[in-house]
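We have chain A; now place chain B onto it with these hints.
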Amino acid sequence: MSDNKDLMTSWWDAQQTLFSSWSEMFTKTQPNTMNDIFSKQMEMFGMKNWGLNTGTANFYQDWLAKSNQGFQEFLKWVPNSVGKDTMEKMVQAGDVYTKLYSFWSNMAANMPGQGEVEKWQDFGKTMIQNYNQVLDGFFGVNLPDPVKMMMKSPGEVCGLYQQTCMSLADPWLESSDELKELFAKALKGDRDAYSDFMRIWYETYAETTGKALNMPMFGLSRESVEKMMKGLDSYIKFITASNKFSTSLYTVGYNVMENLMKNVAQMAEKGDAPESFKDFYKMWWQTNEQAYFELFQSEDFSRMMGDVVDAWLSFKKQNDDVLVEIISSNLPIPTDREMDSLAKSVQQLKRNMWEQTKKIKELQEKIEELTAKGGGEL
Amino acid sequence: MLAPTTLNMQKTMEEAMEVNKKIIKGIDTLLSMKDVEVAVTPKELVYEEDKMRLFHYLPKVKEVSAVPTLIVYALVNRQYMMDLQRDRSVISSWLDHGLDVYIIDWGYPDRTDRYLTMEDYIDGYIDRAVDTVRERSGQDKINILGVCQGGTFSTIYASLYPEKIKNLVTMVTPIDFSTKDGLLYIWSKHLNIDGMVDTYGVVPGDFMNIGFLMLKPFALMLDKYMGLLENLDNPDVVRDFLRMEKWIFDSPGQAGEAFRKFIKELFQENRLIQDKFELGGRKVRLKNITMPLLNVFAQQDHLVPPASSIPLNDAVGSQDKEMISFPGGHIGLYVSSKAQREVSPAVAKWLNDRSQPEKGKKKTKK
Chain A
438 MSDNKDLMTS WWDAQQTLFS SWSEMFTKTQ PNTMNDIFSK QMEMFGMKNW GLNTGTANFY
498 QDWLAKSNQG FQEFLKWVPN SVGKDTMEKM VQAGDVYTKL YSFWSNMAAN MPGQGEVEKW
558 QDFGKTMIQN YNQVLDGFFG VNLPDPVKMM MKSPGEVCGL YQQTCMSLAD PWLESSDELK
618 ELFAKALKGD RDAYSDFMRI WYETYAETTG KALNMPMFGL SRESVEKMMK GLDSYIKFIT
678 ASNKFSTSLY TVGYNVMENL MKNVAQMAEK GDAPESFKDF YKMWWQTNEQ AYFELFQSED
738 FSRMMGDVVD AWLSFKKQND DVLVEIISSN LPIPTDREMD SLAKSVQQLK RNMWEQTKKI
798 KELQEKIEEL TAKGGGEL
Chain B
2 MLAPTTLNMQ KTMEEAMEVN KKIIKGIDTL LSMKDVEVAV TPKELVYEED KMRLFHYLPK
62 VKEVSAVPTL IVYALVNRQY MMDLQRDRSV ISSWLDHGLD VYIIDWGYPD RTDRYLTMED
122 YIDGYIDRAV DTVRERSGQD KINILGVCQG GTFSTIYASL YPEKIKNLVT MVTPIDFSTK
182 DGLLYIWSKH LNIDGMVDTY GVVPGDFMNI GFLMLKPFAL MLDKYMGLLE NLDNPDVVRD
242 FLRMEKWIFD SPGQAGEAFR KFIKELFQEN RLIQDKFELG GRKVRLKNIT MPLLNVFAQQ
302 DHLVPPASSI PLNDAVGSQD KEMISFPGGH IGLYVSSKAQ REVSPAVAKW LNDRSQPEKG
362 KKKTKK
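So the protein sequences, as listed, match chains A and B. Taking the working numbering, the leading residue of the first sequence gets 438, the next gets one more, and so forth. Taking the working numbering, the leading residue of the second sequence gets 2, the next gets one more, and so forth.
Just chain A, with the same shape it has in the complex:
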């Protein structure tokens, strides 16, 4: 609604709001519109006949909300005065009351049954969020603004803290069931399950702890701490990459062995099986060599090997950074970085020297040539 209205228009709008809530009430109190869920929940907890009939409960909530809304609209055109302030505070209180009622009736309507453990966990989470909204409204009522802010801020901070903690913990909680299942399968020898376990573990790590390890640090030892954290992160990345690499190697090995035993059995049926272990060994290593050659030729393997090398290089670099930090600050010896700087200069000086030597030699040859042509001594 626009704020530029006269008294009559505003009053009319407020009345319309009230009338619409009444008409909804009549609709909801009609027979055959019973709130089955609500009444069943009440029955389960022995809360029959609380005096809240199905349609009436919702009507009351709506009437409260609409009345409040109507008063708020009405107050917009009332001149500023102690009367207006008081009425505003009364309306705000009414708003809190409405929110509390809404919270309570929502809670009652959605309360899980006995034994539904998971639903209780979600229920608790939702209720805390909703109750926070009620408290937000309560702490905003009838208090000076600085005090309101002082009382609200800790709640906001608490909420933010909870949110941040949950953003670190949530991915692990979400994937915990899957990880447990895959780990159990991996222990029984399921290689695919192991690969999936490592992949999901790493993805979850990258979303949570990985981000924390790469956070910028503060303070005097900022750089050192950052290097150590990044070093740890790079180590985990390397372990993950090399696990994936090793798994691919083991998978081929296991498959080869299985196929080999089947082949040997088939050969045995034909009377062609290897008679000695030496013969079997020869067949075994040649079959493996061929199988691994096929694996090594694939682009996927090549890429994976590149990833492992990259991860190793990254880890080594981070590790070297930490070591250089320790050496340069604690030991009276030059580091490789310092020696590199020297080596670069020396190499450039050598090049310059050889270039000059070459030019001198060319000049000498030219002089000799000119002298030989009869130029005499220069």
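Fair warning: there could be bad hints in the mix.
Distance condition first, Cα-Cα at most 30 angstroms in a straight line; then the derived DSSO-like pairs of lysine-lysine [unchecked claim]:
1. Lys664/A <-> Lys781/A
2. Lys217/B <-> Lys719/A
3. Lys262/B <-> Lys795/A
4. Lys795/A <-> Lys284/B
5. Lys247/B <-> Lys715/A
6. Lys44/B <-> Lys165/B
7. Lys681/A <-> Lys754/A
Here's a subset of chain A near chain B, in silico, CB distances under 7 angstroms, partners left out [to be verified]:
8. Glu712
9. Asn725
10. Ser739
11. Asp747
12. Lys781
Think of the hints as simulated: they come from the structure by calculation, not from any bench. We put the beta carbon where it would ideally sit given N, CA and C, even for glycine.
Then chain B, alone, in the frame of chain A:
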């Protein structure tokens, strides 16, 4: 469900007992062995610069070729593989055929060498080695024989300094890096060479070793040693094995900047065969190579597949060009008895036939 094997238990037990006996005798052999000798062919140091050393092999025959041959070996391994043992030495064989042989020993780069570039190696070390050999021999042009990566360097050098090269020989040399026949060519495409060089400075030799071992993991990390077990009681076989073992794991570090350019511009971008490679600001055009070319490759080379070496012959401007295809592997080309009988004499003959001194030039032996 795995099916049972039908091993002949008696035969298996006999084999096991035999191996046990060999191990026991072998321990005796190993305990009585001192360090193995390699690179026994006599040579003299004629030039050195930083870690690079230029050696001249002492001639074994009276009639020595007028035009000397400079061997440029790869950076990734040690050059003494060509002179591994008395009876398996291509160097010795070439000396027997009258070649005047020089060889570059690149040494072991350390951290101070991390800023060495390909320009430093080719325009610097190789060029000065060539000049030294030219001065010593009194020849304006000499032969250059490049092995593996050394062959790539020699090819680039011959393209930039054709006036100094009489004949070019490349052995198991990678030129075209677009092939997918070798695992190194596939893996290098996904190698973060910048990360590697920036982290290590000088890329460790162990890194190269791991890569080479992974090309044939079962053959090189298992069956090779099982084969040794079979012959552990034979000191000569053990000694030969230990020489090869010493060489295989004697991998120098790779100077960072040179390695970066080699991997990036050759392995990954394949610039050389496309005439897009530059060295020291100059374009390297393979058509500039007009001197005689002998290109030797190994048919079962898993390190440098034939598809990487063969294209050189079509890319150069030489009229006199040949290929020798050897039925063996990358290392077999130098150490196998078949290669000793067939390849090294063929290379020597090819060089001797084209190593007449220029008119008016006398060979002044120093």
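Okay, the hints, checked on the actual structure:
Between lysine 664/A and lysine 781/A, the direct Cα distance comes to roughly 26 angstroms. Compliance with the 30 angstroms bound is thereby established for this hinted pair. Note on lysine 217/B and lysine 719/A: the hinted pairing holds, with a Cα-Cα distance of about 15 angstroms set against a maximum of 30 angstroms. Restraint check for lysine 262/B and lysine 795/A: satisfied, since their Cα atoms lie roughly 25 angstroms apart, inside the 30 angstroms limit. Restraint check for lysine 795/A and lysine 284/B: satisfied, since their Cα atoms lie roughly 21 angstroms apart, inside the 30 angstroms limit.
A C-alpha spacing of about 28 angstroms is found between lysine 247/B and lysine 715/A, which places the hinted pair at or below 30 angstroms, so the restraint holds. With a CA separation close to 24 angstroms, the supplied pair lysine 44/B and lysine 165/B stays within the 30 angstroms bound. A threshold of 30 angstroms between alpha carbons decides the hint, and for lysine 681/A with lysine 754/A the separation of about 21 angstroms falls inside it, so the pair holds. Taken as an interface hint, glutamate 712/A checks out: its beta carbon lies about 4 angstroms from the nearest beta carbon of chain B, inside 7 angstroms.
A cut of 7 angstroms between beta carbons decides the hint on asparagine 725/A: the least distance to chain B is about 5 angstroms, and the hint holds. Look at serine 739/A: its Cβ gets to within about 5 angstroms of chain B, closer than 7 angstroms, so that hint holds up. The beta carbon of aspartate 747/A comes within 5 angstroms of a beta carbon in chain B, closer than 7 angstroms, and the hint placing it at the interface holds. At a threshold of 7 angstroms, the smallest CB-CB gap from lysine 781/A to chain B is about 5 angstroms, leaving the interface hint in force.
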